[in-house]
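Read top to bottom, the protein sequences are chains V and H. The first sequence: position 187 = 186 (numbering that gives the first Met the number 0), numbered continuously. The second sequence: position 158 = 157 (numbering that gives the first Met the number 0), numbered continuously.
Hints were generated in silico from the structure; no laboratory data involved. Owing to the predicted nature of the structure, the values given are computational and were not obtained by experimental measurement. We put the beta carbon where it would ideally sit given N, CA and C, even for glycine. Wrong hints could be hidden among the right ones.
Here are the in silico distance ranges between beta carbons for each label pair [as the list claims (entries may be wrong)]:
1. V/Val37 x H/Glu135: 56 to 64 Å
2. V/Gly35 x H/Phe8: 32 to 40 Å
3. H/Arg3 x V/Asn79: 27 to 35 Å
4. H/Arg3 x V/Leu188: 37 to 45 Å
5. V/Lys130 x H/Val9: 50 to 58 Å
6. V/Glu27 x H/Phe8: 52 to 60 Å
With a straight-line Cα cutoff of 30 Å, these simulated DSBU-like cross-link-like pairs (lysine-lysine) come out [as the list claims (entries may be wrong)]:
7. H/Lys118 x V/Lys134
8. H/Lys77 x V/Lys168
9. V/Lys152 x H/Lys77
10. H/Lys77 x V/Lys207
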Amino acid sequence: MKKIIFIIILIILFSTVVSARERLYVYEPVKFNYVGAVKTGEWYWCRSTGARIIWTWNSVPNIPDVFYVEYTLLQTNGINGGSGFDSNIKAELIVEGQKIERKLIGYTKPPVTHYEKPQPIFTTTAKKVKKKIAKGVLKMENTFRPVYDHDSKGIGYEAHGYVMFDVPKVYLEDLKKYQFYIIIYWPPLDNEYHFAANANLKPMLVFKK
Amino acid sequence: MPGRKILGFVVLLIIFQVLLFPELIIYKADTFSAYSTSEYSGWYWCDNKDAYLEWYWFPIRNLPEIFYINFHLKMSNKVDGGGSGFSSQEMVAILLTGEMDEKVLKRSIFRVYNPFPVKFTGDSEGLGQDVYGSVEFQVDEKEVKILRNEGLRIRLIWPPLDNRNVFSASESVKPVLAFVR
């Protein structure tokens with residue numbers, strides 16, 4: 000009996016210490032871009048094949064291999080569409096940066112008058128790094144009801160959701176060193192509903208550690 | 000006169016469209032009240048059995064028998080220093096008649112969705128607490144007549160049926176009553 004109580008106390012102490020140390024981290028992107036989207040007011044609408052929205056983050060030195068990105072988008076079923084629609088959207092995580100490489104090409108000659116160690120001579124070259132390192136599905140949810148498939152005049156378009164990325168360990172260092180970006184593509188995976196992003200409504204990269 | 004014919008055709012087309020496609024109609028709540036709540040930065044938090052949030056809509060003459068209320072609320076594990084990512088599958092909404100009556104017409108259970116992906120029990124400093132949901136109400140012919148004359152009230156009571164998460168509303172973020180007619 001004493002042993003059981005002791006174990007329970009140990010578990011409680013352990014979980015308290017773990018939860019006390021855990022912190023929530025949130026990172027906003029630094030750049031918004033788009034390809035093939037149509038601007039209407041503040042919103043960039045993706046509604047044709049190849050249209051995509053791109054958000055760029057600076058490197059995150061403490062990023063874990065599993066993290067999430069939360070989005071707020073507008074979604075509807077077509078031009079002048081209706082309310083209550085949502086979809087699953089293909090997302091890709093791409094890292095891009097410049098890797099500086101130093102190469103030893105020789106040594107300086109020592110001067111004649113006094114002794115000095117020869118100094119190494121390097122050349123530096125910048126090598127572009129661009130890798131697709133993870134894929135994910137951005138699951139959007141629009142809770143507006145009723146679902147109405149004619150022109151709702153912009154009512155009931157707002158959808159919220161997140162994508163989870165599980166980055167292979169070999170690429171984790173790249174995320175800690177280089178800028179990376181996340182692309183979301185039209186069409187969604189399960190329908191051809193339109194979606195739109197707003198440059199002022201930034202997605203949030205979140206994790207706890 | 001071809002001009003007249005075209006005009007006639009356009010008018011017919013508009014009438015046909017109006018008849019064929021019902022319209023989405025929305026009404027934002029007219030008044031908001033909070034009882035036995037704690038206020039933080041304009042959000043009124045429910046965290047005890049006496050606490051509730053209530054909205055009133057003035058009489059809506061064309062209110063149908065099925066309608067929806069769309070909410071944007073906040074939810075957390077505690078009022079002060081609460082965390083992120085909390086939601087509920089079973090929020091309780093009560094439909095009352097008129098502005099002051101205590102006559103309960105219906106009780107409905109609905110889900111609120113929190114899109115914030117990380118459940119964090121420590122202080123998230125207000126992050127990840129927004130939740131969204133809609134509740135459906137279906138009333139009969141007699142009941143809808145009362146609502147059309149007296150207006151309707153929606154009350155959210157604490158706690159949700161599936162947990163003891165605290166939730167709040169702001170006067171400026173009004174729920175939207177919506178229906179197709």
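**Q.** Structure versus earlier hints - violations, ascending order
**A.** 1, 4, 8 and 9
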